[in-house]
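Please model the complete structure; the sequences and the hints are all you need to start from.
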Amino acid sequence: MSELPPTTSVRRWLVTTNHKDIGILYMITALFFLLFGGVLALLIRVQLWDPANQVLSGLAYNEAVTAHGLIMVFWFLSPFGFGFANYFVPLQIGADDLAFPRLNALSYWMYLLSGVLLGISFFQGGTLSAGWTMYAPLNVPMYTPSIGSTGAVLALAMFVIGITASTVNFLTSIHHSRAEGMGIMDMPMFTWSMLATVWMMLFAFAALLALGLILASDRVLGSVYFSATEGGSLLWGHLFWFFGHPEVYIVFFPALGVMLELFQTFSGRRLVGRKWVIIAICLISVQSFLVWMHHMFLTTINLEIKTLMMATTIGISLPFDLVVFSLIYTLMKGRIQFTTPFLFAFGALLLFILGGITGVFLGAIVLDYEFRGTYWVVAHFHYVMFGGATALFGGAYYWFPKMTGKMYDEFLGKVHFVAFFIGFNMVYASMFIGWETPRRVFEYNPEFQIFHQIGTIGAFLLGFSFFIMFYNFLKSFVSGPDAGENPWDYSRTAEWAVPSPPPIENWPNRPSYASGKLEFVKDYVPDGGPAVKADENGNAATDGGDSHADHIREYAHWDKHPSHASIWPFALSMATLVMFLGLSGFNDSISIGAADSLATTPVTISNPVYPILTVVGLLGLVYTGVKWGFEDFYAPPAEFAERWPFNGVEKVKLGMWFFLASDVIVFGAFISAAVFIRYNAGWREWSPLTESLPGLINTFVLLTSSFTVILALVAAHRNSRKGLLASLGTTIVLGLTFLAIKMWEWHHEIYDVGVTIASNSHGDPVQASIYYVTTGLHGVHVVGGLLIAGFLFYRAYHGAYLEDERPVEYFGLYWHFVDIVWVFLFPLFYLF
Amino acid sequence: MIDPITLQQGTDWRAQAEVFDEIFFVFLTLGTVIGIIVVSYTLWNVYKYRDDGSEAPEDFDAPVVGELPTGQGGPKAKKLFLSFGLSAIVVISLVVYAYGLLLYVEDGPDTGDEGDIEITVEGYQFGWEYFYPNGHTEMNELIVPADQRIDLKITSRDVWHNFGSSDLRIKSDAIPGETSETWFTVSSEEVREQGGEATYLVECFELCGSGHSAMKGQITVIPQDEWEEWYAGTEGDSEGANSSSVEGDLGTASVTAPAVGGVSA
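Chains A and B are the protein sequences, given in the same order.
Numbered per full-length UniProt numbering, the first sequence finishes at 832, counting up by one with no gaps.
Numbered per full-length UniProt numbering, the second sequence finishes at 265, counting up by one with no gaps.
Among these hints, one or two may not hold up.
[Claimed, not checked] Here's a subset of chain A near chain B, in silico, CB distances under 8 angstroms, partners left out:
# : residue
1 : Leu59
2 : Asp186
3 : Gly268
4 : Tyr490
5 : Arg492
It is worth saying that the hints were derived from the structure and are not from the lab.
Given the structure is predicted, the values throughout are model-derived calculations rather than measurements.
No residue lacks a Cβ here, since even glycine has one placed at the ideal position from N, Cα and C.
So, in structure tokens, the structure goes:
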């Protein structure tokens, strides 16, 4: 642990774990990616100026289209919203920071460096050119062979890993750190929107992670999932849209949250039907997982499923109707102030209404058939997603005074809005008029040229308008007037009750809503003991201790100050970047010959750079992971907090449960993929590739190791160092036994039976791929578990965990989970 | 409005383009009207309740920093549910209406005889190959007769494509390992209007690689007698034909089929 350097030092921004610093980093990085994606958009628009134009080659155009989509959706929209969430969710709920500050920094660095990996991919023979939807099998090396294509896929996987950490962090924070008196229904609407967003992300991004891992395996290891004609293409479609549809709301909800806040602040009125808006938001979050096949109406899905998906699609438009009407009625009888933030939020509502109406068109299947693959779809989702993001720019103006302490220039802000709004509608409304143009095509019908030319002019106006904003923010940051604590007349949320910018730990004293409104209470803190709620005279109150969970007494060190700096999130992300960069060219640099056994297998390395990077990255990952584990970083949970519905669940345990929930979806996606492909190939056509005996032995080995982990916990509880070491040691030995049997089995399959990841002399090659990749993912989980177990063993040898056995308990949760997954894999691959 | 039941009875069947145009017209009209009403109502209210700098009325209950959020109930909440209910009725009835026509488009008109011609379309990077029932294959140009229902079975031999013709309002995914279906029909009146040979542009509507933009083909519709003559000439010709992927029997039943429907030949 080190002290946090001042904001003027570069080191500060590398080591900071403070949510406000990281929020600012997110926003600046996201704006950079807005420019990156924006330049690509302008390239597209220049190509579309004339149907005979060839500024870019066909392949380069496809790369521009793909990277534009990926960057805007993943590296701009979501992270920009998360910048605000990082900064303001803890403030709105009365927390000091997010639940896991180092994890938060890790998410940010993973995000930034995955973007760097994507940038590098342009120089590795060209980036991915399969569209942001990456439909199979165009996404496999046979059709997109460049190293950069693999680099882009790995960049996406790295981004999702960071996102998953962030999701777990926000879920734990919002459910675990709300100030006393702030029930879940009392949260401000922006926080509510973010809560719904991260709940959707927990499941949706897990599906995308599974998809990214399978695709990376196809591209790096040579498995054949997505080139399989046994449903490989449709598998991609289903999994991608199972993620992809919730993703639309994942990028829209942060913006919706900003709209809900700003409509109230700038009209002086409270939200109409607040409870119903919250219910609508929750409904949308659930329904978003039930509509994905409306992106696939023209595939071979049958009429019954189409009908069902049409009904759920119309169903999901209804809660949105309610939210939109609530926003409109909130303004009525108010005192509406046309400030820049309000103009952007209000503009966002108008654009979203247009996006919503054109979306109902798409819900009618006959219309959808014709709109599929045309500019109608392009225009519609830009109105929804970018229209929503319009509110985020409103959020940037709204919170700029809070983040910098300076007021922005109102006149320039309004000029920005006008240029933005006109440019926006020129680009996307013209797409509706020329909708018959196929998507991602530049040799289009000359009849539509005029509309595309209007769009191109609008796009440049739209792009230019952002430079007004950048200039405004830079100028105001340097020489703007002081904004004060609260520059708005009708703001309500807690961030406006602290100085601008807020101090590092946010609050003067502990924030509490126990009395029905925000107060800062001074707790009575005895020497070296837990704080006790004070009465009016500052003495310890007698009834104050009841919301004090026992675990917090044990956990917290009352004389210790919370940490705000760590270099390891940055270092670990760098190691990941190096490893993934190495993996991107791994397959092209190494060729493995045929042989009778592993020892005699010839390996030819044509280019040592990529394999070396991979190994260096991997070693760096282990090293930084261990240093992370040993770092003395102190982030205590809030002493008094509202935790419904997770009262009594300790912070790290809650985080572990959220992580495992997302991992369930990852494995669920892998298992669904196995079942889906097998179903398409004909279920009874396949029989197990392997003998069942090694699998059966391994099942017993793993189940026994689950038992020894429980013994370890019992031993730790009884303060028995020997018992703890013995049972942890047995767990490790059992885990290693599992891996040894697994290795023997794989070796046997590869060299004796002749079944490798890409070929199968006894049946469908994809069956072999599924076997190796799914059991391989499980194997990686076992290896990860063993590394953690080794770490625990080392610490236990030096006397740790006897007083506080929770790390052993949480490791046990993970280990049990890995064992349970095996219980599902065993019948799937060894019995039937 | 067209009753889908009568559509299916085969006396007055219509092309997909006509069905699409009708639904699109209904949606566009209603969408525009509702859009204008909602947006103007909103704009008018925002203007009406602007802060003009005057004193706030006595009963104006302004929010304060640090209050626990509450909502507004009362008459506004009633209005909220009323608007919500109205919008739900509009949206649901629109979709129910459109669903009736979907059922028609899914199955196509029942022509009541064996006269339909079934052709397999296979997408590849970057073009289309058509397989006729007699084993004849054509590259990029699909030649079919007027006044007959043409059934297309669509698949792909490499990546995911999408076969579509905007003029005919037909479209379907071409997915490796899968076969999707669509149908179309062109009347001989239409062929006559276009000078004895009606042509329609075919485009690929799913990104499929570097040549995606240029992946265009053509559907050519000619009068039935001309087509029969042409088709008979292809008999036994096997240029590049992969007969195993030809759907349907290889007979000539389809050629002798009479013209169907109420469209005069």
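Results of checking the hints against the structure:
Taken as an interface hint, Leu59/A checks out: its beta carbon lies about 4 angstroms from the nearest beta carbon of chain B, inside 8 angstroms. Taking 8 angstroms as the C-beta cut-off, the interface hint given for Asp186/A holds, the closest approach to chain B being about 5 angstroms. Annotation: interface hint on Gly268/A holds; nearest CB of chain B at approximately 5 angstroms, less than 8 angstroms. For Tyr490/A, the shortest C-beta to C-beta distance to chain B is roughly 5 angstroms, which falls under 8 angstroms, so the interface hint holds.
Residue-level restraint check for Arg492/A holds (minimum Cβ-Cβ distance to chain B is 5 angstroms; threshold 8 angstroms).
Hint compliance for this structure: every hint is met.
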